[in-house]
Amino acid sequence: MEHEMTACRSLVRLLGAAALGALLLAVPAAAQTPSGAGTPKEMVSTYNTLADGLLALKSTEANLVRSILAAANAHGQVELTRAQKAIAASDAAGARSAIEALAADVAQMATEGDNSVAAVRKKLVDAGQNHNSAGEAKGIYDSGYVIVTRAAKQKLLDSSRAIAKMAASPNGPALDAEWKKVQSVVEGLMK
Amino acid sequence: MLSGIRWLGALLAALMLGRGGAVIPAAGERAPFRFVNVSEQAGLTRVLLAGRPDKDHLLDSAGSGAAFLDYDRDGRLDIYLVNGWRLEGSRIVERGQHALYRGLPDGTFRDVTVEAGVGGEGHWGSGAFVADYDADGLPDILVTNFGPNVLYRNLGNGRFENVARAAGIETPGWNTGAAFFDADADGDLDLYIAAYIETTEQQVLDAKRTLSWKGVELVAAGPFGMKGAPDHFFRNEGGRFVDATAAAGLEDRALAFGFAVRALDADDDGDVDLYVANDSDANYLYRNEGRGVFKEVATWAGCALDEKGAAQAGMGLATGDITNDGVLDLFVTNFAEDFSTLYAGAGDGLFDDVARASGIGPMTYRPLSWGAAASDLDNDADLDLVVVNGNIYPQIDRHPEFVGTYAQRMLLAENRGPGAAPLFRDATADAGPGFEQVRSSRGLAAGDYDNDGDVDLLVTNLDGPPSLLRNDSPGGSWLIVALEGANGEPNPIGAVVTVRAGGRSQQRDVAAGDSYMSTHDPRPHFGLGKAEMVEQVDVQWPDGTRTVRKDVGAKQILTIKYVAAGL
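Taken in sequence, the protein lines are chains A and B.
Be aware that the first sequence starts at 272, since it is given in my numbering, and climbs by one per residue.
Be aware that the second sequence starts at 56, since it is given in my numbering, and climbs by one per residue.
Note that these hints are calculated values from the structure, not bench results.
Wrong hints could be hidden among the right ones.
[Claimed, not checked] Going by beta-carbon spacing under 8 Å, a handful of chain A positions derived as facing chain B:
hint, residue
1, Ala378
2, Asn386
3, Ala389
4, Ala435
5, Lys451
6, Lys452
Note that the structure is predicted; figures quoted are calculated from it, not measured.
No residue lacks a Cβ here, since even glycine has one placed at the ideal position from N, Cα and C.
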């Protein structure tokens, strides 16, 4: 996960530097182009490169959010296994701890990350960066959400609550059943 | 025919109020509530300033809080009001003075602000939070500000001194709600202070209305598009507060727009948790993992978002066993055209949003809601909800075609008791002249200022004097418990009182920081219905020691002093 994030940061920096470099190269060339002959082709080319970069960044953002979901999902699987082992061993405290962690993982999937990510999302929305404007207008997505639809969010929150309620009275089969519901939602989002 | 007229009357009244489900008592029936605004005759005349008339910046319309306290320990409640500034354009016209009113035996108040030295340091005030932070037996006052906070230490001679800088809690910025509580169970009071947005005085003064409201008016911008300011947590180390926000796990990771704060034992495990209502962001529930280290659990605990999974615009809050099942509930007030949310405790620190089913959601949909209290206003042994309302945009009054007005009525939602469905009845229309007033209100503190056994209401209003709604309801029996802690401190924060009477158990905790930037009467109040005797009063002191009184007469203010275990 950390490796993926580092890779994303590097990509963003690289694209930014490339776009800036292209622009700097294009400006002197554009200055030599006679006026009134249309947009200088060097500028169009640079703009095109910039567009590719921006679109790549958007795609990178979507992939990053998918990575956040995948990481939470993987962590959830670990917690589920831990919970089942604790239940089998009649370790109530261990089961409780694992089930609560699992509930937290599912909640984080619902909200595309924890509160720290919420701060980033707010920053992007405030700056006008939006992945799903059309989807938001139709009520399919909450503001700033990239992958998780409102419907999926609601299902994941419901599962998170259902799992949390099992912390006080752990039940292995019920836990598995709820996790299967989560997997169904996550698979739909990751397509 | 008569019943038809009654029915028509009730329907008309409900339509006039714009509230579905309102039921008016029939002729000859006695209304359960009657409140009268006595602020002027009681001497509460301080005008609370709130920026510019057009509310060009959110600070202009945020308003301020109030507190009931007994600073001189004479057994009568006093009142503290927090004030803002008056602006004209970008010019500061007046820096409002806060006000301390001393309660007198005849039910009036005397302004003792100047002699007490608590008028403020010239900052734009937000909230008032009362606690004996230094355990000297005297209530102190924290005033959160847009600017450095002020901590008025009670000197015991009718005077206070500001010790905020020495105490280490000035934290300049837009500070809002706060709560004193013993986070690490070491016997002293720690402090959490929420913050709203990052903004400067110059930005406030230069503010222009740039946000389009429904395409017809420009109104104050924000909070969207603004950076949230981080909340702070301070550990009390011998009377000096040390910032321990990160170490305690209380980092405001979402940089949420924080308003209301309440310390409470949300999971009933014996340590104190913390709830923060955030504007336009998910709310926080910081669960105490022991020794003062917290984990934020609100989303999976079911009290961060509404029933549809949406973050709401949290303004104020109230707590208590609102749903009559013995489990603590949370009530959060929100923006206009949205439900205020009742998170019913499901046990084990989990919550379910029951705003719709309980009826409180639809009742709160139209107004923009702020301060709130869960208090038994008719002394019938359950907690009613009172909510103060008021929009932030004066410009909406030019558009009757849209929902809402700038000045709004308060709401009184009567708890119909265990098993009732829906749980609440909108009783505003038959709550007396006090509930007919229409203001843009913000803060709310509940307390029995005249010591007559019913809970009165203190309300702050933008650009006007406060309202003091005296409770003249023909209510039932009651008990008020006045606590005196180990060091003589009045009503120690974190104490929990459980009363059993008339076949019911009720519980209250003592808190500093509640509602919207306000502090209620610290003395636990219980409505007892028809019970004339209380079978048992059980006090759990903050250190875990218990004091039990049996067979106590009702209709009294019962003083219980701390006695160390084994004595």
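Quick rundown of the hints versus the structure:
| no. | hint | result |
| --- | --- | --- |
| 1 | Ala378 | 4 Å, holds |
| 2 | Asn386 | 4 Å, holds |
| 3 | Ala389 | 4 Å, holds |
| 4 | Ala435 | 5 Å, holds |
| 5 | Lys451 | 18 Å, violated |
| 6 | Lys452 | 15 Å, violated |
When the structure is compared with the earlier hints, violations turn up for hints 5, 6 and for no others.
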